[in-house]
Amino acid sequence: EMCDRVGDLIAEEKVIGWFQGRMEFGPRALGDRSILGDARSQKMQSVMNLKIKFRESFRPFAPIVLKDHVSEYFEMRPSEDSPYMLLVAPVAADKLYKLGEDYDQASGLARLHYARSTVPAITHVDNSARVQTVDEECNPLLHQLMSRFYEKSGCPVLINTSFNVRSEPIVCTPEDAYRCFLNTDMDVLVLGRQILLKEQQPVQLTEAEREAYLADFRLD
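Residue numbers for the sequence shown follow my numbering, beginning at 1 and rising by one.
Keep in mind the hints are simulated off the structure, nothing from the lab.
Just so you know, not all the hints are guaranteed correct.
Here are the simulated DSBU-like pairs of lysine-lysine, each with C-alpha atoms no more than 35 Å apart in a straight line [unchecked claim]:
(1) K43 - K98
(2) K43 - K152
(3) K43 - K95
(4) K51 - K198
(5) K14 - K95
(6) K152 - K95
(7) K95 - K51
(8) K198 - K43
Sequences and hints are given; from them, build the entire structure.
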């Protein structure tokens, strides 16, 4: 089953381009034009920033969480709804790590390299996160994927960021998605029910071709 396979790939720390159904538009991708990753991975934040979004490594990502589990990971009411990623909440206290003296002695950007919680890729420097919830009614397929991942990993949280590079519009068509997939270090593209692995693609772009693609989009 497709969701089982993609759940396994996320658990292997693969970065997933997720393209489903009709176009999303707006400042946030909410699960149909998304790049997904494992929020438990300490390296995933910098990998996705530097090699997929092409922006500073310290920029935070937002979590998407199964609504039934939102209060387990964030200081929110049980099953509290935040389907549009508009609510900022602290990460639950029992998910935070106690940081030692070396953290206290660090300063500036050096503090950003410390894992702050069991889901470090979505935990901001102030231990907050901009939370999106998902349930079976609002997005059945994404809910199924996240449920499979939860069954395998015990974690109901993923990274969710928009399917684009910095300053590029969110991808609209399958062609847009495939072009972005090839020009970044995304590992997997899921187009509908089709799973495309980067190493199996007949086209492998040169570094010069990638640079030409990125040159079309200004730094933000």
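Here's how the hints hold up against the structure:
no.	hint	verdict
1	K43 - K98	19 Å, holds
2	K43 - K152	20 Å, holds
3	K43 - K95	18 Å, holds
4	K51 - K198	14 Å, holds
5	K14 - K95	23 Å, holds
6	K152 - K95	19 Å, holds
7	K95 - K51	28 Å, holds
8	K198 - K43	20 Å, holds
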